[in-house]
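Line by line, the protein sequences give chains A and B. The opening position of the first sequence corresponds to residue 0 in numbering that gives the first Met the number 0, with each subsequent residue numbered one higher. The opening position of the second sequence corresponds to residue 0 in numbering that gives the first Met the number 0, with each subsequent residue numbered one higher.
The hints are simulated quantities; they were obtained by calculation from the structure and are not laboratory data. Please note that the accuracy of each hint is not assured.
As the list claims (entries may be wrong) - According to the in silico footprint, chain A covers these stretches of chain B (three or more CB under 8 Å from chain A):
(1) 294-300
(2) 345-356
Stated by the list, open to error - Residues of chain B placed beyond 12 Å of chain A at every Cβ, according to the derived structure:
(3) Glu115
(4) Thr444
(5) Ile508
(6) Leu541
(7) Asp565
(8) Lys572
(9) Leu574
(10) Arg666
What the hints assert, rightly or not - Stretch-level coverage of chain A by chain B, calculated; a stretch enters the list once three of its residues show a Cβ under 8 Å from a Cβ in chain B:
(11) 45-53
(12) 105-114
For clarity, every value in this text was computed on a predicted model and none was experimentally measured. Heads up, the beta-carbon is just placed ideally off N, CA and C, and yes, glycines get one too.
One-letter residues, chain by chain:
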Amino acid sequence: MSPAQQFCTFLLDGLLFGLDVERVQEVIRYQPLTPVPLAAPRIAGLINLRGQIVPAIDLRLQLGMTPRPAGLLPTNVVVRAPDGPLSLLVDEVGDVLTVAGGRLEPPPDSLDPAARRLLRGVCQLPHGLLLVLDDQAAITGKESNDG
Amino acid sequence: MTTAPPLTKIDSRADGMDEAVREFLIESNEGLDRFDDELVQLEKQGRSPELLDSVFRVVHTIKGSGGTLGFRHLLRVSHVGENLLSRLRDGSLLLSPAVTSALLAMADCLRRLLREIEACGCESDGDYSGVVERLTELLTAAPTGTAPPDKVEPQADRAPQPEPSVGEILVGGNVCRPEDLRAALELQQTGDPRRVGEILLARGAVSPTALADALKTQAEHHDLASATIRVEVARLDAMMNLVGELVLARNQILRFAESQPDPAFAASTQHLDAITAELQEAVMKTRMQPIGRLWEKLPRMLRDLAMSCGKQVELDCEGADTDLDKTLLEAIKDPLTHLVRNAIDHGIESPELRRAQGKSPSGHLRLRAFHEGGLVHIEIADDGAGIRVERLRDKAIALGLLDAERAAALSPAELLHLAFVPGLSTAERVSDVSGRGVGMDVVKTNMEKIGGTVQLESALGQGTLVKITIPLTLTIIPALLVSSQNQRFAIPQANVVELVQRAAESRAIEEVRGAAIYRLRGHLLPLVYLDRLLQLPPHPPLPAINIVVLRAGQQQFGLVVEEISDSQEIVVKPLACGLEAIAGFAGATILGDGRVALILDVAGMVRRAGLFASAPAVAIAGPQEKAAARHPLAAWLVFRLPADRRGALPLSAVARLEEIPAARVERAGERELVQYRGQLMPLLRLSTPPAADHQLLQVIVHAAGNRCIGLVVDEILDIVEQPVLGDASLPGAAQPVTVLQQRVTELLDLPALVRQSFSAAPGAAS
């Protein structure tokens, strides 16, 4: 059995998602975005993270979900990516949850295939489901090679 | 060919590595580079005691330090090398090509050993007996009768140190006789514990003042050696980053200061501004290195190459002291090496062939570097065979990169640019030196990555010239800020030629086949709208049109922006996360208000906009450049006439281009007229009659005095800038014709047309 894992959780359109906490560098409130014309829609823009220019990815669009309503300012979950930090835009950040390794189940078939590809698995919580994102896939929008 | 490993590389893996070993590796690698260069020079020049001493010293130092640190192989190889070199020094052996090659092989062998030490901290038990045997053979083959040393050798078998001994200075300054010095040294060797100076003084062989002077001279040498220090590149990088941050903070304060009335604050801000600029320059200078650092490795490479290709090459370098940023120097190292290899392998012919063509048997390779316009220019010229453009063309066609029809329309200069297309190599044979079809395209891509450009000129049988321009530095650059749709963009000032503002109603912009052009002092400037290019929401009509005239390579174009703000120093930061693949952006920066702005990549914009794309897949830079130097450029408006003929008018004769619905044409007898700007403009049909009333007529408006006439043509094709060629007309042709864009084109006789239209004569319908 694999050891327990900690997940940084956040909400997207009412669903609870989790990301390996080891991957998360920091969580910061909304930052003004500089859009990058001609980039893929999922690239929400660039933010200034204490002098470092960090691309922000709209996780909603990355996961094929509906766009965030206009009035809702996203929060930045800054993750460590191979090419430097990257911000994932989420609706709202939740607690860090600890989940025993064995409790991760494959994502249900009923889920949207676009989103399912980016999931490592789901975990049943007392109050609902935690959708655990595949670190790499969530960042690049592509399935990681190692599954 | 190896190079001194960058300090950072050693640093990153050398946690456990002894400081002394690291120092030794760096010094030895640098020494070996010098060794190669000087040995090759020595071979050319013949006897030069200074050079010989210098190469000797390198090997001697490696032997000494390597032995101290316990590297056996290093000691063995350098020991034999040193023996050979000392035979050269005492004149009992002459430097033959075989000796030079053996010594160079020894240097390579030492480098290999140094690399091993760098990688694992120890020598592997490789077999180095080949090199040792080769050197020993040369040693024993040489005549044994040693010539008597013709100068004093203080401390017989010790190499001269970089720092001269007191004895050397004294003898050199003629204040002490050599025999006295020799006696003193002998005394020392037999166990006298005193220093040489003391012995000489005690024997009265030298005056106290002379000795004091000699000691002072020695100390000066010492000072010179300690006036420089080694700094790790990583530290300089960190410093540069901090200066970048400081520049940003300074920009923010400057912005804030604008809104503050306090004069004392303003004064401090100005002071801060000035100091920041100075600091920035100073830090930048620490990172600057002369391009000669790259060039000094070329003589050795040239020798190896020339030998393996059986060619003779003479190298001529100019501007070796041209400085550029270290990162840029690193970035151009491989492309430059590649270009030099190319020139020797493919450019310069064999001595026999050159002789047959009446050239000197040895080829010339000329490298030139200079600063101009905030850029570093590098030229690599050879006087070799040049590039066969036909071969490039045929290969491009064979590979399906170009169809025959399009190829036929390309000028030789345009064809030459095919050399930058991946997979095209004109080499008749693939050698181990170059010519595998990867090359020029890689060179070009690498140069573009650092904001540089590459241009190629070649004359068959006369040689090839490669021109490279690169920016001085990449980190902090002056930039112009513009905005469209509330989004700000930075444009590197190096690309900006001028700024133009026109009132919107001035109708300064004309549209030719959907492409906007602006006439700037008689030149036609293709225009690019920033909002359209970047697919920003279109902005509402503005009272004024702002045009930033930009230069990308040889071409100029106008960028229409909503607003031009100001000029500012920006710190270039790379775009991460696959965003760099978007053509059009060179990076991003943080502005005074803390917001991020994208930096426009002018060359990328040209590509994206498809400007100048008369030959897709081939970026064409200034095809007419050379011709233009001889002939003044003239701009021609080219259009299609019935029966697929092409006609042209000098653009200076064209007032405007209009599209007029055929329905608006009125008739007066035989004449066709159209209401145009408050007057009746006669139309002259050079076109096929329109099929229907809703068709748009393509009208070229020509102003004759205060009257206009409209020439109706089938289609406006292009605007071509081309030198006026001496005699354009072909004998026997009814119309004067010329060749524009490799196509026969009729030059219309405008005065005759005007006369025809203003007289009541019928239109020249076909």
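Cβ separation check - arginine 666 (chain B) to all of chain A, threshold 12 Å: The claim holds: arginine 666 (chain B) sits with its nearest Cβ about 50 Å from chain A, beyond 12 Å.
Examine the stretch 345-356 of chain B for residues whose CB is less than 8 Å from any CB of chain A, and state whether their number is three or more. With 0 residues in contact (Cβ-Cβ under 8 Å with chain A), the coverage given for the stretch 345-356 of chain B is violated.
Assertion that isoleucine 508 (chain B) lies outside the chain A interface [Cβ separation over 12 Å]: 23 Å, holds
Stated coverage of the stretch 105-114 of chain A by chain B [criterion: 3+ residues, CB within 8 Å]: Violated, because only 0 residues of the stretch 105-114 of chain A bring their Cβ atoms closer than 8 Å to Cβ atoms of chain B.
Using Cβ atoms and 12 Å as the threshold, tell me whether aspartate 565 (chain B) really stays out of contact range of chain A. 18 Å, holds
If we take the beta carbon of leucine 574 (chain B), is the closest beta carbon in chain A still more than 12 Å away? 8 Å, violated
Just to make sure I understand the rule, a stretch counts as covered if three or more of its residues have a C-beta closer than 8 Å to a C-beta of the chain. Does the stretch 45-53 of chain A meet that for chain B? n = 7 at 8 Å, threshold three: holds.
So is the stretch 294-300 of chain B in contact with chain A by the C-beta rule, three or more residues under 8 Å, or is the coverage claim wrong? With 0 residues closer than 8 Å to chain A, the stretch 294-300 of chain B misses the three-residue bar; violated.
Whether lysine 572 (chain B) stays farther than 12 Å from all C-beta atoms of chain A, as the label says: 5 Å, violated
Non-interface claim for glutamate 115 (chain B), where every Cβ of chain A lies beyond 12 Å: 31 Å, holds
Does the claim that leucine 541 (chain B) lies outside the interface with chain A hold up, using a Cβ gap greater than 12 Å? Holds, because the least Cβ-Cβ distance between leucine 541 (chain B) and chain A comes to about 19 Å, which exceeds 12 Å.
If we take the beta carbon of threonine 444 (chain B), is the closest beta carbon in chain A still more than 12 Å away? About 19 Å separates threonine 444 (chain B) from the closest Cβ of chain A, which puts it past 12 Å; holds.
In this structure, the earlier hints numbered 1, 2, 8, 9, 12 are contradicted, and the remaining ones agree with it.
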